[in-house]
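Undergrad: Read off the chains here:
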Amino acid sequence: MRKINVFMIILLIGGITLTYLLWHKKNNDKAIIKPKETSINVSKNLEPPKDKLSVQEKLKQSKSNGSQLKIVLANRIQAFHPEPAVDSELISITLDHCLKLINPNNHERHTSYYKSLDNLSENQIKYKKDINDYCQNLNKTHPEYMLEREEDIKILRESVNKNTEIGKILSKHYNDETIKLEPSELAAKIQHLKSNDPNLLFKASSYFQAYLGEKLHNNIGIMIKSEDDNYIYLISESATDLFACDAGASCGQFSHLMSQYCVYRNLCGSDFNDILNNKMPEGIRSDIMLVFNYLKESFD
Amino acid sequence: MKKLIYLSVIVLILLAILIFLRKPKTNTNLLNEVSLAQQLETDTQLAKHVLNNNKTDIKEDVINSAEQNNIQKSKERSISYLTAYRESKQFSDCFQIYLTKEKGKDLISDYINKYDSYKQFRAKPTSVQLEYYQMYIDVCNALFLSDNGNLRESMRLIDKRFAELTPETEAEIALSKALEIETQLDEILSKIRNEQNGSNQLTDEQKKSNYKKQRTLIKEIETIYDRNDGDLSDGDFALVIKINEELRELKSVEDFEPNAEEIAYLQQQLPPLKNQLIELFKDHQTPDVFLIFANYLLSEYMTPTYFIEDINKKLGIYDTQYIRHLNKVIVPFIACALEFPCGPQSLLAIKHCTHPSGPVTSSCGKSIEEYYLEDLIGPNQMIDFNNYFNYLMDNYAQN
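So the protein sequences, as listed, match chains A and B. For the first sequence, this note's numbering assigns the number 1 to the initial residue and increments by one for each residue that follows. For the second sequence, this note's numbering assigns the number 1001 to the initial residue and increments by one for each residue that follows.
Calculated from the structure, these hints are not laboratory results. Values in this document were obtained by computation on a predicted structure and should not be read as measured data. Fair warning: there could be bad hints in the mix.
[To be verified] These stretches of chain B come out as covered by chain A in the derived footprint (C-beta under 8 Å, 3 or more residues): (1) 1002-1010; (2) 1136-1142; (3) 1311-1321; (4) 1370-1381.
[To be verified] Restraint ranges, calculated between C-beta atoms of paired labels, are given here: (5) 1278/B - 180/A: 54 to 62 Å; (6) 158/A - 1309/B: 55 to 63 Å; (7) 1262/B - 277/A: 42 to 50 Å; (8) 183/A - 1183/B: 43 to 51 Å; (9) 264/A - 1215/B: 28 to 36 Å.
Glycine is no exception: its CB is placed at the ideal position from the N, C-alpha and C atoms.
Between the sequences and the hints, there should be enough to build the whole structure, so can you do that?
TA: In structure tokens, the structure reads:
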């Protein structure tokens, strides 16, 4: 009996030791997969920026942001919406083209892309001049758009109140994978966006990525019976733009939407309906209408 | 009893040894990274390859050889001018395979890791796709002519082999004429590019130095990708963006004004050459001549689509993005209509079937025409596609 007890004790100790060694080894295996030493020295001026601030630095930063926000709020004139964060979001959505034209240094990449657009049609060349005049005029006549104050627009945008439904949507709360929306709930949220301001619909796919991203893309493919990804993307973009325009969004000749279509795609016209009916051939127009009707049925 | 104790101790020691000798599982995600340099250098989209790089199929007999795993190295076969040309184009298309092999990665695992990688909900390649991808690998291996695994040497050998052959058939003679026109066009386009970006103002030494800096920066990006387990950290992402900006700055020359007159003069030399291609294609409607024709007249590389006015007024298509897209889709289809190898196991079809950017499994086992008509192009899209096809055929493919 005693000998058996000794035997059992040895087994027990051995088992515990093995378990510990296995656990320790597992942790070491993870360490093997950690970043390895590089043989090439990354130049000093290309060292990654420090991600982490100390608690004191974070507090200091938030205090300074807070006082800046107060100043911006105190001087703010409502442009489109009473809530400052929503207002600034709308300025960014509807006047992005003017912000880039008036602040070219802040958008170097955009400007250089703009410059690299060769072989523009006469319509496009004329439009580029006209849109520049339009934005400069807007800047003079509408100070509430803050077209020279991109930093202030950013500060207001960051002040979004996440306790309101619109605040949650703008904060992309519903992109959280753990939150599942039924179709009727999604439709209600789209309606909520529309009732706040239909221009917010232009960014609906970024607010509801899980439903209006890949899933919608796949559904559109099935609807129009195409596996051509690039074509499906074209249709999806135009149909969602049409949906926003139909809801009352800004789609006139000098709107941000039309500036994109004209400058980058040579689809120039008085408004989106004009280019849809007069500048698009039958096939693609039919598919855009098919998807637009689907969006209306789903979300209106 | 003592024996029992000794036995249990020995068993424990053996177990401990086994545990420490067992190799850690390689995290296959480490194989997942494609360097940015490679992404910049190659693009696996079929249409872009066909359009911009004249990627073409090789003969069915090589494919059949590959399928039967009885590959005879290309250099041992006596081949025609046309086959040698197509194989040299296909060699360029296989670059990604060769680069991946050079890094010591397993090609099939690499394909699986990259498959659908840009999507939120990733699918896996099917067994049919893996089978077809293996066929593609076999074809690329058969084209690798260097015995010592040297990529540059292989490039040299395959180009040399083509250069030593003379065209014999009518189709081959037409192709050789198209290639002469292509060389002239490339020369002028290169001069235009240099005038536009100012690189013609740099000395040879400056160009060499810029090239070296470019290589160093690209290697730094590769290192950053290599040292990350999976996604780039925020810090490394910012670093990659910064390096890309440096790369862009390297390409531009400071305090430089392009010579507009010189550029205009060079651009005037393009239409006569393009018209020569149009006439050549009208007289010799072969797929290879068409692909060269398409590369310069149906793409927007440095110049607008040649028939843009007709497309606007006769077809009612103004959208440059849509035109670009239609061109990409229609070019392989027309090549197939002109009897380019497009069968179910042709390289063109294999590439559709194994496309890593998304499942196109419906294309597997179908010819290009079947795939286009049954799956790829929807009924409404077909209206525009058909109109464009008829326009090109009626105006440029009939005498």
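Undergrad: If a hint holds in the structure, say so; if it doesn't, say that too.
TA: Going down the list of hints, with the structure as the test:
{"no.": "1", "hint": "1002-1010", "in the structure": "holds (count 4)"}
{"no.": "2", "hint": "1136-1142", "in the structure": "violated (count 0)"}
{"no.": "3", "hint": "1311-1321", "in the structure": "holds (count 7)"}
{"no.": "4", "hint": "1370-1381", "in the structure": "holds (count 7)"}
{"no.": "5", "hint": "1278/B - 180/A: 54 to 62 Å", "in the structure": "57 Å, holds"}
{"no.": "6", "hint": "158/A - 1309/B: 55 to 63 Å", "in the structure": "49 Å, violated"}
{"no.": "7", "hint": "1262/B - 277/A: 42 to 50 Å", "in the structure": "43 Å, holds"}
{"no.": "8", "hint": "183/A - 1183/B: 43 to 51 Å", "in the structure": "59 Å, violated"}
{"no.": "9", "hint": "264/A - 1215/B: 28 to 36 Å", "in the structure": "33 Å, holds"}
The structure fails to meet hints 2, 6 and 8 from the earlier list, while all remaining hints are met.
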